[in-house]
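Colleague: My request is simple: use the sequences and hints to build the entire structure.
Just so you know, the sequences run in chain order A and B. Each residue of the first sequence is one higher than the one before, counting from 1 in this note's numbering. Each residue of the second sequence is one higher than the one before, counting from 1001 in this note's numbering.
In case anyone wonders, no lab produced these hints; they're calculated from the structure. Misleading hints may appear alongside valid ones.
Label pairs and their computed distance ranges (CB to CB) [claimed, not checked]:
(1) B:G1041 x A:G40: 14 to 20 Å
(2) B:P1115 x A:G16: 46 to 52 Å
(3) A:N96 x B:M1112: 17 to 23 Å
(4) A:T15 x B:P1040: 26 to 32 Å
(5) B:M1112 x A:R44: 24 to 30 Å
(6) B:N1007 x A:N96: 29 to 35 Å
(7) A:E79 x B:R1061: 44 to 50 Å
(8) B:G1016 x A:K53: 41 to 47 Å
(9) B:P1115 x A:Y50: 42 to 48 Å
(10) A:S8 x B:R1061: 33 to 39 Å
(11) B:Q1014 x A:R14: 46 to 52 Å
On a predicted model such as this, the values are computed, not experimentally measured, just so you know. Every residue gets a Cβ at the ideal spot worked out from N, C-alpha and C, and that includes glycine.
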Amino acid sequence: DVKVTQSSRYLVKRTGEKVFLECVQDMDHENMFWYRQDPGLGLRLIYFSYDVKMKEKGDIPEGYSVSREKKERFSLILESASTNQTSMYLCASTTNNSPLHFGNGTRLTVT
Amino acid sequence: SQKIEQNSEALNIQEGKTATLTCNYTNYSPAYLQWYRQDPGRGPVFLLLIRENEKEKRKERLKVTFDTTLKQSLFHITASQPADSATYLCALDPSLGNAGNMLTFGGGTRLMVKP
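Modeller: Structure below.
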């Protein structure tokens, strides 16, 4: 079974802090994604990557950046956390034309 | 604008009945549509995929239909059980050429199956 592991289940950070969310997958998938999930808004795509060192903006990239230095690892970076970035963050991976495999999420609270 | 709509109100049904969840979309021409299950505090888990040229797909107690004329997919769980209680998400491929797996998700419908 594909395993997508997000390094933290819960994080509490202060406004203005730099935050790193880490995601690792073990199935050699080319594609990796970061979504955020908010009540009433569903899952919204932040960034995705089709290959190492490659990144593309999703629907809501503002305030975020990503890093993909190795195929199995995709990091989401909040350069200066703000309270409106309090959310559930979900990482996913896939190979072409196959369904998404999600991690269990990181619930980030910015105070 | 492009939109995917699922009933945001929870669906409450009695154990043993068939649950039917609806996914409607506008201004998309998806190549396929997917359904996921999400339990509280967990990531979504893939259930079924149906392609634009398929009318119906089944997997055990699950059935999905896809009507590209109505722009609607229905997700059925027959002989429902309390363990089926979860939020169900539909997602579609916008068919934007090389967008690949860039899925767009609906807001999800919470299903509660009462014993």
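Colleague: Now tell me, hint by hint, if it's right for this structure.
Modeller: Structure-based check of each hint:
At about 18 Å, the CB distance of G1041 (chain B) to G40 (chain A) agrees with the hint of 14 to 20 Å. Between P1115 (chain B) and G16 (chain A) the Cβ separation comes to about 49 Å, which falls inside the hinted range of 46 to 52 Å. N96 (chain A) and M1112 (chain B) have their C-beta atoms about 36 Å apart, which leaves the hinted 17 to 23 Å range violated. For the pair T15 (chain A) and P1040 (chain B), the supplied restraint of 26 to 32 Å holds, since their beta-carbon distance comes to about 28 Å.
The supplied range of 24 to 30 Å is met by M1112 (chain B) and R44 (chain A), whose beta-carbon atoms lie about 25 Å from each other. About 32 Å separates the C-beta atoms of N1007 (chain B) and N96 (chain A), a value consistent with the hinted range of 29 to 35 Å. Between E79 (chain A) and R1061 (chain B) the beta carbons are some 46 Å apart, a value that agrees with the proposed interval 44 to 50 Å. With their beta carbons about 53 Å apart, G1016 (chain B) and K53 (chain A) fall outside the hinted range of 41 to 47 Å.
Between P1115 (chain B) and Y50 (chain A) the beta carbons are some 46 Å apart, a value that agrees with the proposed interval 42 to 48 Å. Range check, S8 (chain A) to R1061 (chain B): Cβ separation about 35 Å, and the 33 to 39 Å hint holds. The given range of 46 to 52 Å is respected by Q1014 (chain B) and R14 (chain A), whose C-beta atoms sit roughly 47 Å from each other.
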